[in-house]
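Asker: For reference, the chains in residue letters:
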Amino acid sequence: MANTLLHSPWIGVPGTVIAAIVICITSLVIYRRWFHPLAKIPGPFWASVTHFYIVKYNLFSERSQFYLQVETLHRQYGM
Amino acid sequence: MKRHGPTWTLVADNRAGPVVRISPDEIHLADPENYEKVYYIGSRAPSKAPYFYDAFGLKTAAFGTTSNELHRVRRAALNPTFSRKAVLQLEDIVQEKTAKLIGRIKDSLDTGKPVDLHHGFRAFSVDIITDYSFDNDYKQLDSPTFGSEFYEMTSELITRGWVLQAFPFLLPLSELITLPMAKRINGALYDFLLFREVSWWYLCGPERVLMTLL
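Protein chains in written order, with the numbering used here: chain R, 1013 to 1091; chain S, 69 to 282.
By construction, these hints were calculated from the structure, which means they are not laboratory data. Quick caveat, the model's predicted, so the values are computed rather than measured. Note that beta-carbon positions come from the ideal geometry of N, C-alpha and C, so glycine has one too. Hints are not guaranteed to be accurate.
What the hints assert, rightly or not - Straight line, CA to CA, 16 angstroms or less: simulated EDC-like cross-link-like pairs of lysine to aspartate or glutamate:
| no. | chain 1 | residue 1 | chain 2 | residue 2 |
| --- | --- | --- | --- | --- |
| 1 | S | 168 | S | 184 |
| 2 | S | 251 | S | 265 |
| 3 | S | 174 | S | 159 |
| 4 | S | 251 | S | 224 |
| 5 | R | 1052 | S | 93 |
| 6 | R | 1052 | S | 94 |
Claimed, not checked - Selected chain S positions facing chain R (Cβ under 10 angstroms, derived; list incomplete):
| no. | residue |
| --- | --- |
| 7 | 93 |
| 8 | 119 |
| 9 | 226 |
| 10 | 233 |
| 11 | 234 |
Can you build the whole structure from these sequences, using the hints too?
Answerer: Encoded structure:
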């Protein structure tokens, strides 16, 4: 029964696509966090895996305020 | 690792001082003096980050050119404008605008009114730059508001820059926006596009502008 479900294109095709996307993202995160040339530089986890960390502060704070966050980061990770 | 040789070595040896990783491929140096250790004339450090500069939509300008080699060529065309001799000739323009600004400040003080120095100093820079670079003084120092509308327009458009940086696929779409469309979407965007057309008109003559409008 489970076998027939898996072989049905309605489950199999989207399943494969989703699995591919998940594998893609996971391997990118693992590479950027642990194998990238900058992996040893201190910094927040989300900043090391995605550009949207900066976007979050520039676009969704009072007024383009990533530069203020940078100051906080230096206080936290090394002045 | 090899491609970015000098930068990574500096960071690894701790010679670049305190450093924080702010994105997958960007770091931030706490001490601005260390910038010179990475980027100096003839440095082989990585070029400008395309994602950052492409959002300005100035790919063919020296400012928006991200490849070091190409930038050197394009910037060379501007070099005579910033030679010692050229900058010394600039003095008259600077003095003229300074006199204007001081005049405005004095007038306000005489009538006992406050002076909008924030916009005053910006108008001062804008007038010097436009007069020297385009031979087309925007005369913001003569405007009662020190051309604050121009400043409001640019600061409102910063958000547009952040959005285009975050979602670069919107760039070609944003270039499809025409003047009548912009008028309905956002006042600052309309002012900006109009300003761009007028600048083109001034630089290239009416034919070029008519071509883009038709």
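Asker: Now tell me if each hint is right for this structure.
Answerer: A quick look at each hint next to the structure:
1. S:168 with S:184: With a Cα-Cα distance of about 14 angstroms, the restraint between residue 168 of chain S and residue 184 of chain S holds, given a limit of 16 angstroms.
2. S:251 with S:265: holds, 14 angstroms
3. S:174 with S:159: Violated - the C-alpha atoms of residue 159 of chain S and residue 174 of chain S are around 22 angstroms apart, more than 16 angstroms.
4. S:251 with S:224: The hint holds at about 15 angstroms.
5. R:1052 with S:93: Cα-Cα ~12 angstroms, so holds.
6. R:1052 with S:94: holds, 13 angstroms
7. 93: holds, 7 angstroms
8. 119: Constraint on residue 119 of chain S satisfied, holds at 7 angstroms.
9. 226: holds, 6 angstroms
10. 233: This interface hint holds because 7 angstroms falls under the 10 angstroms limit.
11. 234: holds, 4 angstroms
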